[in-house]
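Chain by chain, the residues run as shown.
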Amino acid sequence: MVNLKINNTPVQVEEGTTILDAAKQLNFRIPTLCNHPDLSVAGNCRVCVVEVKGARLLAASCATPVSEGMEVNTNSEKVRIARKHVLELLLSEHNADCTKCFKNGHCELQQLASEYRYGDHIFIDLVKTGDKVLDISSPSITKDASKCIRCQRCVRTCTELQAVSALAVVHKGDHQTISTFLGKPLNDVVCTNCGQCINRCPTGALYERNYIEDVWHAIYDPNKFVVVETAPATRVALGEDLGIETGQRVTGKMVSALRKMGFNKVLDTDFTADLTILEEGTELLTRLKKALVDKDETVKLPMMTSCSPGWVKFQEHMFPELLDNLSSCKSPQQMFGALAKTYYADKINIKAENMVVVSIMPCTAKKFECNRSEMRDSGFKDVDYVLTTRELAMMIKQAGIEFDKLEDESYDSILGESTGAAVIFGTTGGVMEAALRTAYEIITGVEVPFTNLNIKPVRGMEGVKEASIKIKNTKPEWSFLEGVELNVAVAHGLANAKQLMEAVNSGKTNYHFIEVMGCPGGCIGGGGQPIPTSAEIRKRRAEAIYAEDMGKAVRKSHENPEVAEVYKEYLTHPLGHKSHELLHTHYKARKRY
Amino acid sequence: MTNTEVLIKELVEKHGRTRNALMPVLQGVVACEKFLSEAAMIAVARELDLSAADVYGTASFYTFLDTKPRGKNIVRVCKTISCHMQGKEEIIKAIENHLKVKVGETSHDNKFTLLTANCLGWCHKGPVMLINDEVFPSITPEKAIAIIEEFSKKSN
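So the protein lines, in turn, are chains A and B.
When we follow this note's numbering, the leftmost residue of the first sequence carries the number 2, and every step to the right adds one.
When we follow this note's numbering, the leftmost residue of the second sequence carries the number 132, and every step to the right adds one.
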């Protein structure tokens, strides 16, 4: 342990603790911008400087470990003047058009500026201008270099968490910028649209392409029938942007708010998550049968999940040789859109061309996904607009709805019923757990051998998780699986996914099924979720997901009565003709730069 | 495989596939091709399992790792203060007139690209000119053109 004094208050902390963290223990807040709990230390923004007695220069508290007998002042005159200058220098290259900015009210730089109340700018204006400043090429992410303070959180996110490095620091000195390869448009490079950079950008330099006005426009149009679907992870995070504590479930309030906003039907992506399990589970069993019984060597194993569009695009860029391993299932969002504009539109007597499908997602990559040319199997754009959890929160505020006072309401039917297995799609390991609950029971006729159906080995925040389940006492038609050890792996965050894919490519693994979610923690940590994010926040959202699962009457996808009804009335059976037409897709190799 | 890809494979064989190899590999490409093309940066990224943006980030940091097409010979005139005070502007004008290019451009015959450079460490003998890796101190406009003419003949 190390003893030191911060602002004359003695404190004892573990060796290696930074001054910043030591100060936190004493409830002294030191402002930061480039520092982020999920990322490596950069120490480049300098707003966290403090005075250390005996040191010639001020120290960046985020990058300086404590030492025995250290005396730190976090608010001396020297510190205040330096911090003021640092902030003003940052602001001198920041386009502070705050009232027009999408991050208005959610900007860390704006927050600091409002705390420090500096008057006139004393430094010359260095805000970037010109036609290359704003990149709106991507349907998911907008990049505005005029807001960038070059803290490099986005670069570290893209490299350390996602192993994509679509963004890098280029050029030097006053020419230094955060750029893609050769400054190409974001939509043309290796970017997976995961939006993790947005979650960590302290300013409005990176934000989601927003479709708020388009959705209001559709709602107000009397000729449009607007259907909304909500992803699993939105219900455990939306409250954070609406004054409710982290980790609180707001499913019923969210449904109520959507109805009050004027959506014609409030339905659930969880419904198609259950449907995904039936399609994907059947696909897995079919692949296993072909591989083990028919000895068909063209069948690709391990099969990999395909519900995370960031992960799918990652594979298309980085591991095109493994594209046939991806399940052909569309994501639940897209299955929903395809069914809504066919089966559902017919059922409720609405013309598909008059239907607008809006999806509420914890995700920015979903915006790209709904714009993929393959996603028009209904004959129309299956999903018209994707809103992030954050955008929905903004719309709820715009509508003047007092969210915390809303009564809980239930989803409309049909395409609104879901099981606990669908809810857990929202967190890492959830798709795997849902699939195992169903697949095991299809094969053996009995429930998975885990207490309360909780398959603990695939849960938690470890980067790559593995599990094996021995299949025993199979039904006669699945006898080829008798005694088979089903090996599965789960990864979240693309850096972990990359590591797992390299292992698969090495040929040293024997997995049958792999789940990958593109974002750290899975969708609960998605790029469209409320900001900020941290390991603690993601943990609490995941706990809420599992609580929601436990609270569901039905917790296995194949027991969802509405799913059974849709198969009976329309789809006939998993992997059937209609399913192939509407619920499955294909992938394409993309350039890696 | 293109010539560039073959070259990069050879460089990677020599320098290895770790990130440490990035600089020598890029320098090797520039030594042969005078600049790093888009295709070259992509190929280097693939060989070293880096992102292309990362490679571009490194290349763009270093003035001598050009990412724009360059002529067979690269003429650099020091632009910093000592050489400025000793008349680098006259040198640049003379070369511009002689080669019919502006700073940053490449002559029509592709023999020369004219650039400026930051301090080359020859402040006591300015103005100084660098052609490829060769230093020419204490130059005058006339000397500069004579030297360039010699290089021109050699490049035929």
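Simulated from the structure, these hints should not be mistaken for lab results.
Here the structure is a predicted model, which is why all the values come from computation and not from measurement.
Warning: the hint list may mix true and false statements.
Said to hold, decoys possible - Here are some chain A residues the structure puts well away from chain B; computed CB gaps all over 12 Å:
1. Glu-94
2. Ala-164
3. His-318
Said to hold, decoys possible - So the derived label-pair ranges between C-beta atoms look like this:
4. Lys-145(B) to Gly-508(A): 25 to 31 Å
5. Ala-536(A) to Thr-149(B): 27 to 33 Å
6. Pro-200(B) to Glu-322(A): 54 to 60 Å
7. Pro-11(A) to Phe-192(B): 40 to 46 Å
8. Thr-149(B) to Ser-115(A): 56 to 62 Å
9. His-255(B) to Pro-11(A): 53 to 59 Å
10. Glu-322(A) to Thr-149(B): 21 to 27 Å
11. Phe-192(B) to Leu-58(A): 23 to 29 Å
12. Ser-115(A) to Cys-254(B): 30 to 36 Å
By construction, the Cβ of each residue, glycine as well, lies at the ideal position given by its N, Cα and C atoms.
The hints, checked one at a time:
no.: 1; hint: Glu-94; result: holds (19 Å)
no.: 2; hint: Ala-164; result: violated (9 Å)
no.: 3; hint: His-318; result: violated (10 Å)
no.: 4; hint: Lys-145(B) to Gly-508(A): 25 to 31 Å; result: holds (28 Å)
no.: 5; hint: Ala-536(A) to Thr-149(B): 27 to 33 Å; result: holds (30 Å)
no.: 6; hint: Pro-200(B) to Glu-322(A): 54 to 60 Å; result: violated (33 Å)
no.: 7; hint: Pro-11(A) to Phe-192(B): 40 to 46 Å; result: holds (44 Å)
no.: 8; hint: Thr-149(B) to Ser-115(A): 56 to 62 Å; result: violated (46 Å)
no.: 9; hint: His-255(B) to Pro-11(A): 53 to 59 Å; result: holds (57 Å)
no.: 10; hint: Glu-322(A) to Thr-149(B): 21 to 27 Å; result: holds (23 Å)
no.: 11; hint: Phe-192(B) to Leu-58(A): 23 to 29 Å; result: holds (25 Å)
no.: 12; hint: Ser-115(A) to Cys-254(B): 30 to 36 Å; result: violated (48 Å)
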